[in-house]
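Protein chains in written order, with this note's numbering: chain A, 370 to 636; chain B, 370 to 636.
Please note that the accuracy of each hint is not assured.
A pair holds if it fits inside one copy or across any two, identical chains being indistinguishable in the list.
[Claimed, not checked] Once the Cα atoms are required to be at most 20 Å apart in a straight line, the calculated DMTMM-like pairs of lysine to aspartate or glutamate come out as:
id: 1; residue 1: LYS507; residue 2: ASP409
id: 2; residue 1: LYS440; residue 2: GLU402
id: 3; residue 1: LYS507; residue 2: GLU598
id: 4; residue 1: LYS378; residue 2: ASP409
id: 5; residue 1: LYS381; residue 2: GLU606
Since the hints were derived computationally from the structure, they do not count as laboratory data.
The primary structure of each chain is shown beneath.
Protein chains: 2
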Amino acid sequence: MIEQSRAWKREKMRIGLVPTMGYLHRGHVSLIEALRPHVDQLVVSVYVNPLQFGPNEDLARYPRDPDGDAKRCADAGTDVLLMPEDLYPSGFSTSVSVHGVTERLCGAFRPGHFEGVATVVCRLFGVSGCEVAIFGEKDWQQLQVIRRMTRDLALPVEIVGGPLVRDADGLALSSRNAYLSPDERQRALSLSRALYAMIEAVNGGELDAARLVERGRAILQVDRLDYLEVVHPETLEPVARIDGPARALVAGHVGRTRLIDNMALPG
Amino acid sequence: MIEQSRAWKREKMRIGLVPTMGYLHRGHVSLIEALRPHVDQLVVSVYVNPLQFGPNEDLARYPRDPDGDAKRCADAGTDVLLMPEDLYPSGFSTSVSVHGVTERLCGAFRPGHFEGVATVVCRLFGVSGCEVAIFGEKDWQQLQVIRRMTRDLALPVEIVGGPLVRDADGLALSSRNAYLSPDERQRALSLSRALYAMIEAVNGGELDAARLVERGRAILQVDRLDYLEVVHPETLEPVARIDGPARALVAGHVGRTRLIDNMALPG
Numbered sequence: 370m371i372e373q374s375r376a377w378k379r380e381k382m383r384i385g386l387v388p389t390m391g392y393l394h395r396g397h398v399s400l401i402e403a404l405r406p407h408v409d410q411l412v413v414s415v416y417v418n419p420l421q422f423g424p425n426e427d428l429a430r431y432p433r434d435p436d437g438d439a440k441r442c443a444d445a446g447t448d449v450l451l452m453p454e455d456l457y458p459s460g461f462s463t464s465v466s467v468h469g470v471t472e473r474l475c476g477a478f479r480p481g482h483f484e485g486v487a488t489v490v491c492r493l494f495g496v497s498g499c500e501v502a503i504f505g506e507k508d509w510q511q512l513q514v515i516r517r518m519t520r521d522l523a524l525p526v527e528i529v530g531g532p533l534v535r536d537a538d539g540l541a542l543s544s545r546n547a548y549l550s551p552d553e554r555q556r557a558l559s560l561s562r563a564l565y566a567m568i569e570a571v572n573g574g575e576l577d578a579a580r581l582v583e584r585g586r587a588i589l590q591v592d593r594l595d596y597l598e599v600v601h602p603e604t605l606e607p608v609a610r611i612d613g614p615a616r617a618l619v620a621g622h623v624g625r626t627r628l629i630d631n632m633a634l635p636g
Numbered sequence: 370m371i372e373q374s375r376a377w378k379r380e381k382m383r384i385g386l387v388p389t390m391g392y393l394h395r396g397h398v399s400l401i402e403a404l405r406p407h408v409d410q411l412v413v414s415v416y417v418n419p420l421q422f423g424p425n426e427d428l429a430r431y432p433r434d435p436d437g438d439a440k441r442c443a444d445a446g447t448d449v450l451l452m453p454e455d456l457y458p459s460g461f462s463t464s465v466s467v468h469g470v471t472e473r474l475c476g477a478f479r480p481g482h483f484e485g486v487a488t489v490v491c492r493l494f495g496v497s498g499c500e501v502a503i504f505g506e507k508d509w510q511q512l513q514v515i516r517r518m519t520r521d522l523a524l525p526v527e528i529v530g531g532p533l534v535r536d537a538d539g540l541a542l543s544s545r546n547a548y549l550s551p552d553e554r555q556r557a558l559s560l561s562r563a564l565y566a567m568i569e570a571v572n573g574g575e576l577d578a579a580r581l582v583e584r585g586r587a588i589l590q591v592d593r594l595d596y597l598e599v600v601h602p603e604t605l606e607p608v609a610r611i612d613g614p615a616r617a618l619v620a621g622h623v624g625r626t627r628l629i630d631n632m633a634l635p636g
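Can you make the complete structure from the sequences, with help from the hints?
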């Protein structure tokens with residue numbers, strides 16, 4: 370892949386990357402379709418990156434469907450499906466860390482997660498030789514981490530965010546939704562409902578972040594809440610009052626499944 | 370610089386980088402001259418990178434000579450002299466770490482040093498858009514750290530090592546030699562003398578690393594020795610017996626000045 374991408378660059382081809390962990394759904398497909406018209410070579414990577422999983426997380430049972438992924442990629446117009454057994458060379462010993470935007474929200478509940486993300490994404494940029502890469506806004510904090518890393522290291526990659534895709538009932542698409550029992554799925558809907566309720570409350574004139582969070586919490590039916598917060602969309606610092614750009618982010622466990630969701634609040 | 374280098378790359382120009390901390394001497398000039406014939410745009414960076422200095426090190430008094438540096442760069446055929454007041458954007462919060470090759474030798478005596486080096490070099494690669502970069506073999510461990518980082522992150526940069534340059538009396542050229550009093554300079558010569566003596570001993574049939582180190586130590590006239598070791602040139606792991614590639618590395622303090630040197634042992 371490294372040799373191939375270097376050759377394409379010599380031929381002045383524009384390479385685009387869609388990094389994924391596989392088990393592709395319509396959210397991923399929307400990212401591929403969004404990038405497709407803008408690049409000459411479209412690379413989709415499917416790699417369940419062990420570096421970004423904690424010791425008690427779901428690395429071993431993370432859902433996989435290589436044949437289905439290959440079909441979805443082909444149908445959406447992928448040029449290269451990069452599906453390595455191992456992405457790291459023998460003796461791999463480099464890591465990329467981003468401070469600040471990684472310390473709160475998911476970073477507080479998943480120590481080492483964003484270091485694993487930054488490291489794999491940095492390497493995938495290098496391997497694919499991409500000039501542009503697209504990431505789903507479902508993983509909002511991840512998108513900010515990658516934007517920060519790319520700016521800080523002056524990596525020659527344009528970062529694009531792709532809109533979150535939902536099922537008809539409002540559930541944010543996630544490969545992890547495959548874990549949910551029918552009852553759990555009903556309760557999982559409370560994440561998006563809580564966020565919609567917060568938007569409605571802002572539209573109704575409620576601008577106090579603490580009271581908005583209270584409104585959302587009353588709706589949540591998770592077994593364990595990691596966080597429900599109103600933050601600045603880029604710095605991810607808490608916002609006390611909605612008087613500028615703000616986003617509500619939520620993470621919680623339904624059964625054994627950890628789910629996240631987020632929405633922009635009206636500004 | 371970022372915009373300029375991106376434009377050069379669109380024009381298919383080959384960009385080369387010589388990263389330095391300034392106060393340029395013949396060693397730096399030899400790197401510029403070695404790279405010059407191979408690139409279309411030659412960038413020399415002069416930046417005393419605070420990230421790679423410990424709290425009790427010589428950041429504040431590190432020697433500077435911007436006018437002399439500019440002249441030396443121009444004379445050696447530099448296209449761009451990148452001499453920023455600050456290299457990092459506001460809110461910079463990313464770091465690159467290399468494990469393994471950074472833990473021993475200078476890494477053990479300068480905690481955080483190689484993280485600072487890896488981070489600045491990664492950013493300089495991005496800013497300059499270089500396809501090739503040259504580093505002096507004087508900083509042998511640094512060269513291995515950068516090779517490892519570049520391979521691990523699949524950075525699109527070829528790493529070249531440039532031979533160490535010595536004064537006629539054998540002293541390895543270093544900007545820090547400017548700190549030395551005449552007496553200190555005499556004692557500083559013991560570093561290269563110790564290494565030469567070790568080479569001679571190998572040629573005389575001594576293949577035991579511990580005895581070679583003993584031989585070198587007897588010659589050293591430093592005020593404090595950080596290390597004198599025989600290691601594998603790439604992994605930097607200690608070598609017990611000279612039966613393959615091996616290199617002797619030394620670091621010690623003469624007065625307030627920390628000096629390093631290294632030589633390949635005959636194999």
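| request: Go through the numbered hints given earlier and state which of them the structure violates, listing their numbers in rising order. | output: Hints 1 and 5 are the ones this structure does not satisfy, whereas the remaining hints hold.
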